[in-house]
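Under the UniProt record's numbering, the first residue of the sequence shown carries the number 1, and numbering increases by one thereafter.
Please note that the accuracy of each hint is not assured.
[As the list claims (entries may be wrong)] In the DSS-like style, the derived pairs of lysine-lysine whose C-alpha atoms are separated by at most 25 Å in a straight line are:
| no. | residue 1 | residue 2 |
| --- | --- | --- |
| 1 | K265 | K255 |
| 2 | K654 | K696 |
| 3 | K44 | K255 |
| 4 | K211 | K54 |
| 5 | K255 | K202 |
| 6 | K188 | K202 |
| 7 | K54 | K157 |
[As the list claims (entries may be wrong)] Derived Cβ-Cβ restraints for the label pairs, each shown as a range:
| no. | residue 1 | residue 2 | range |
| --- | --- | --- | --- |
| 8 | E91 | N115 | 18 to 26 Å |
| 9 | L286 | R230 | 21 to 29 Å |
| 10 | G634 | G695 | 27 to 35 Å |
| 11 | V18 | Y284 | 44 to 52 Å |
| 12 | G404 | K361 | 32 to 40 Å |
| 13 | Y631 | G378 | 15 to 23 Å |
| 14 | R15 | K352 | 23 to 31 Å |
| 15 | L52 | N115 | 29 to 37 Å |
| 16 | T38 | K157 | 30 to 38 Å |
| 17 | S156 | E45 | 50 to 58 Å |
The hints are simulated quantities; they were obtained by calculation from the structure and are not laboratory data. On a predicted model such as this, the values are computed, not experimentally measured, just so you know. Every residue, glycine too, gets a C-beta built ideally from N, C-alpha and C.
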Amino acid sequence: MKAGKTPWKQHIKIRVLVFGILMSIIPMVFISLTTFNTVTYKFKESIREQNLQKATLIATKLQVSITNIVESLSNLTDVNSSALIKGKDKEQEGILNIVLRQEPYLEDIKILDKNHKILVQVSRREVITNANLKNVDYIGPETIPEYYVVSDIFFSKDRRPQFYITLGIRDSQTREPLGYLQAKADLKLMITQYIDTRIGHKGYVFFVDEKGSLIGHTDFSRVLRREDIRENPAVSSFLNSEDPPNEYTGEQGEKVIGLFARVEKTNWGVFIEQPAKEAYEPIYALARNLGGVLFLTIAVVTMLSIVFGLRLVRPIEDLEAQVQKIRATGDLQADISHSTQDEIGRLAYSFKQLMAMLDEKNQNIKSEKELLRTVVDGIGAGMVLLNYHKQIIWWNPTFSKWFGENNYLNLSCEDVMQSEEDVDCLLLESGRVSSFNLNGERKYLRQLHYQIPSGNSEGAEYLVILEDVTQQVEMESRVIETDKMATLGLLASGIAHEINNPLAIVSAYSEDLLDCLNEKPDKVDIDEIKESLRITSEQIVRCKQITNGLLQFSRKRTYEYNLLDIGVSSSQMIKLLEYKAKQRYITLKKRLDPGLYIMGNENEWQQVVLNIVSNALDASPANALIEIETYPSGQSIYFVVKDYGQGIPQNELKYVLNPFFTTKPVGKGTGLGLFVSYGIVRRMNGRLSIESTEGKGTIVSIALPAYKGG
């Protein structure tokens with residue numbers, strides 16, 4: 001992490017304080033909200049339950065009032081059935097007046113025969129005469145009921161809601177229907193005692209009939225106005241036999257809590273509505289009180305969190321200040337004080353021990369670095385570090401000694417390491433030997449390069465090591481030349497015979513032509529002379545090809561690598577061996593495809609071909625077959641020589657690439673052929689493998705990288 005001012009929100013003090021405060025606030029808020037929601041839910045349920053109980057109580061009382069009236073009338077019909085129908089007018093009126101005095105909610109009572117004709121009628125508010133009886137219409141059931149019937153609600157002239165209760169009058173002995181007893185009840189008088197039931201300060205009670213018409217209200221003027229309240233959500237639920245909604249918007253545009261209870265037998269509804277704001281006022285008060293307590297509690301807990309948080313963080317800040325001081329001065333031996341014995345104190349003590357260990361490790365690293373510097377400076381090999389752009393960022397004294405006492409920092413390695421091949425210093429295969437002109441002297445350096453893992457502080461990408469192999473190269477050169485000369489000695493007789501044959505032909509045709517010119521100078525056949533000269537010229541060209549091949553093979557070795565057609569180059573060398581094969585009646589079966597290119601030194605490659613094919617000839621008996629072929633496979637070009645000779649014993653096969661090891665008789669070989677060939681193939685980044693079975697033959701296979709072009 002870079003040194004600098006730490007943002008305030010990354011300070012551990014701030015984080016500890018924020019954590020402490022949040023851990024104080026969040027649980028309190030969570031517990032408070034959970035408690036408040038639970039209490040609110042229970043309180044709302046309690047309010048609804050209380051209002052429902054009130055509505056049910058009113059509905060029950062109203063039904064009881066109606067039931068009492070019915071029972072009083074029923075007793076009257078049971079005891080006085082004959083008198084009510086057959087008695088005199090005065091007797092009948094006396095019985096009915098007694099009932100009116102006993103039942104305050106009844107307005108009038110009348111007796112009717114089976115044909116709905118009114119026999120007698122008494123009223124609490126008016127005097128009924130025989131003339132009046134004729135003008136009263138019957139409102140009730142068409143047949144005499146078994147028990148009683150309550151009519152629909154209707155309104156009197158003074159807009160008072162009323163209804164009829166009709167009972168059948170039956171003979172007390174035979175239960176034969178005799179007529180009707182009908183009483184008019186004043187509903188307003190009955191419900192007046194209930195509409196003033198206290199529902200908070202702003203709550204109210206109202207009643208509707210089975211059709212949803214308003215028949216009673218705390219504000220009775222609304223009944224007088226015959227307001228249509230069937231759109232009220234609670235009334236609509238009542239008419240649809242559904243449960244009322246918990247809350248809904250009332251007629252005044254405010255939220256109300258509404259519910260209802262049904263009056264049995266009549267199917268009327270008793271409704272209670274209370275403004276939600278008034279009903280929930282205790283909840284709001286609880287919320288205010290709880291918020292105050294919560295705020296006070298949070299304030300106290302926050303102060304405690306700040307105090308204890310600061311006490312917790314201060315030792316950490318002191319430790320940080322001491323570490324920053326050590327970081328600025330680099331003094332790993334500085335003392336780190338710790339005054340507490342808790343975890344922070346133990347951390348400071350452990351940090352002090354860590355500083356001592358780091359100081360010891362630092363001293364060891366310095367000693368090892370000095371030792372490494374001594375080794376690197378005296379190793380005798382040039383070393384250089386390159387960055388991603390192949391620019392030099394470090395070098396050792398040996399490198400400076402070879403390439404001059406200059407400052408190489410940020411110079412390209414190609415500008416400094418200018419080999420005679422003039423190629424990219426990192427494009428050469430690792431282990432490649434290149435020649436350099438160093439201080440006026442040719443040096444052969446083996447170049448090794450390694451990829452360095454990224455992320456190091458120096459930005460190094462490659463390590464290049466240059467090893468002076470001049471003596472080794474010169475020794476190898478002498479070995480190769482020795483092997484070449486030995487091979488030329490073995491080929492000498494065959495090459496001499498190859499040259500003698502065309503020379504004998506040239507001599508014969510020359511003598512024949514000279515004789516013709518001496519004996520018949522005037523009769524010379526021009527065509528015969530041309531033919532002789534043509535044959536002579538062909539044989540001379542043949543001799544030239546043989547000598548050119550021999551001269552090319554014996555040419556002084558160079559280290560230049562060029563584009564090489566492996567088929568053409570191999571074929572040129574195999575021609576020098578054809579006479580040796582003919583002498584032993586050995587057939588060379590060649591399949592050398594042209595156009596197979598590799599990068600290599602043609603002189604060295606021909607020496608490899610010569611050594612391997614010569615070994616196959618030496619190992620093959622007379623009339624044998626040797627197969628030689630080249631072919632591409634994948635990214636490689638293969639050169640394969642297969643003989644059917646004596647083979648190599650398995651216990652000797654692992655030694656055949658060692659110098660001076662040979663399976664040939666004394667005087668037949670030097671033991672350097674395969675050793676030199678193996679070295680040449682390795683320098684060409686190739687692979688040489690040998691498979692042999694004693695008594696069956698040997699296969700030598702060489703795989704070389706194919707030239708990719710470009």
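Original post:
CA of K654 to CA of K696, is that 25 Å or under?
Top reply: holds, 18 Å
Subject >> Supplied distance hint 23 to 31 Å, evaluated on CB atoms of R15 and K352 >> reply: holds, 25 Å
Original post:
Does the structure keep K211 and K54 at a Cα separation of 25 Å or less?
Top reply: holds, 23 Å
Original post:
Taking 25 Å as the top limit, are the C-alpha atoms of K255 and K202 close enough?
Top reply: Judged against 25 Å, a Cα distance of about 12 Å means the pair holds.
Original post:
Range hint 44 to 52 Å: satisfied by the CB atoms of V18 and Y284?
Top reply: At roughly 32 Å between Cβ atoms, Y284 and V18 fall outside 44 to 52 Å, so the hint is violated.
Original post:
Quick one, are K44 and K255 close enough, alpha carbons at most 25 Å?
Top reply: holds, 14 Å
Original post:
Could one say that the CB atoms of G634 and G695 fall in the range 27 to 35 Å?
Top reply: holds, 33 Å
Original post:
Given a hinted range of 32 to 40 Å, is it respected by the beta-carbon distance of G404 and K361?
Top reply: Once the Cβ atoms are compared, 38 Å apart, the range 32 to 40 Å for K361 and G404 holds.
**OP:** Assess, step by step, whether the Cα of K265 is no farther than 25 Å from the Cα of K255, and give holds or violated.
**Re:** violated, 32 Å
Original post:
Does the hinted range 21 to 29 Å hold for L286 and R230 at CB?
Top reply: Given a distance of about 37 Å, which is not inside 21 to 29 Å, the answer is violated.
**OP:** Could you grab the alpha-carbon distance between K188 and K202 and see if it respects the 25 Å cut-off?
**Re:** holds, 22 Å
Subject >> 25 Å Cα cutoff - pair K54, K157 >> reply: The hint is violated at about 32 Å.
Of the hints listed earlier, those the structure fails to meet are numbers 1, 7, 9, 11, 13, 15, 16 and 17, in rising order.
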